[in-house]
Amino acid sequence: MKKFKLSREVKIGIVVIVALGMLYFGLNYLKGINIFQPTTYFYAQYERVDGIVPTTPVMINGYQVGHVSEIIFDYTKEAPITLQITVDNKLVVPKGTIAEVYDTGLMGDKAIQLRLGYSDQFMQPGDTLRTGIQNGLMAAVTDALVEPVKAMMPQLDSTLRAINQTVNSERIEKILADLETSMANIKSMSTDLKNNVPGTLAKVDTIATNFAAVSDEIAAVQWDSTLNNIEALIANLEYVSNQFKSTDNSLGALLNDKDLYQNLDSTVQSANALLIDLKENPKRYVHFSVFGSKEKKEAKK
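Numbering-wise (my numbering), the sequence shown opens with residue 407 and increments by one.
None of these hints come from the bench; they were simulated from the model. Among these hints, one or two may not hold up.
Pair ranges (Cβ atoms, derived) [what the hints assert, rightly or not]:
1) 432 x 562: 30 to 38 Å
2) 579 x 600: 28 to 36 Å
3) 461 x 484: 39 to 47 Å
4) 454 x 533: 19 to 27 Å
5) 584 x 559: 32 to 40 Å
6) 616 x 579: 49 to 57 Å
7) 482 x 562: 43 to 51 Å
8) 572 x 482: 57 to 65 Å
Owing to the predicted nature of the structure, the values given are computational and were not obtained by experimental measurement. Think of the CB as a built atom: it goes at the ideal place given N, C-alpha and C, for glycine as much as any other residue.
Kindly generate the complete structure, drawing on both the sequences and the hints.
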């Protein structure tokens with residue numbers, strides 16, 4: 407029996423087909439599409455579908471039941487954008503069901519939520535669902551801020567005018583001019599300080615050198631000999647003081663003997679009286695004549 411052998415080209419073709427099939431299945435799986443699961447489809451018309459793309463998930467109570475399989479644009483219709491929604495074939499969709507576009511998070515991602523109706527009659531494949539758009543969190547925040555912002559605009563305009571007047575006033579210009587002058591003075595002071603610092607440091611270094619020399623001289627003084635001399639001087643002063651207090655010497659007797667002081671005082675007073683009398687009556691004590699006294703002349707005769 408002859409064996410059947412595939413050519414190299416056939417093997418390459420089979421590998422390519424299998425690879426493409428796996429790629430298709432993998433991409434659809436990543437998109438949340440199960441190609442082996444039977445599906446049905448409905449349509450939904452919108453005026454605008456910001457953020458809706460093919461493969462956008464279709465949810466019921468947070469559970470994905472399908473996806474957007476196609477987006478059709480027809481400008482002749484009032485709602486020009488038509489979405490083809492593919493869902494699980496087992497899903498029963500009552501009439502009155504609404505396909506509502508909503509935000510899935512703060513990043514603006516979109517999804518379609520099926521809000522099932524309560525009718526006993528059901529939608530058939532290819533029917534058009536009622537539609538709606540749910541305002542997301544960002545839209546709600548924007549709507550909540552619009553009115554306060556509008557109310558603030560007149561006050562903001564008044565504030566900006568006041569700020570503009572203040573900035574353009576002469577007072578601000580004067581303040582800026584004074585500030586510029588102050589900065590120039592600071593710069594000049596900084597330059598002067600920078601130029602004078604080397605000289606100042608040189609003087610400080612000289613003072614430190616002189617102080618070190620004086621310190622060395624003070625350290626070189628023979629303090630033992632100096633202290634001995636001071637002690638001897640103090641002893642001599644103590645001896646002189648004791649001599650002043652004692653009556654065994656003339657100066658001590660003069661300072662401490664009251665009788666001697668009184669006699670000396672009396673003698674001084676007597677001498678003073680004698681000098682006064684001598685000044686007032688000099689003839690009483692001195693007899694002087696050019697031709698001799700009268701008594702002598704008579705004796706010669």
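Structure-based check of each hint:
A beta carbon spacing of about 55 Å between residue 432 and residue 562 contradicts the range 30 to 38 Å that was offered as a hint. Our hint of 28 to 36 Å for residue 579 and residue 600 holds, since their Cβ atoms are close to 31 Å apart. Checking the proposed 39 to 47 Å range against residue 461 and residue 484 shows it is violated: the Cβ atoms sit about 27 Å from each other. Checked against the hint of 19 to 27 Å, the pair residue 454 and residue 533 passes, with Cβ atoms roughly 22 Å apart.
Taking the beta carbon of each, residue 584 and residue 559 are about 36 Å apart, inside 32 to 40 Å as hinted. The hinted range of 49 to 57 Å is satisfied by residue 616 and residue 579, whose Cβ atoms lie roughly 54 Å apart. A C-beta distance of roughly 45 Å is found between residue 482 and residue 562, which places it inside the suggested range of 43 to 51 Å. A beta carbon spacing of about 59 Å between residue 572 and residue 482 agrees with the range 57 to 65 Å that was offered as a hint.
Checked against the numbered hints given earlier, the structure breaks hints 1, 3 and satisfies all the rest.
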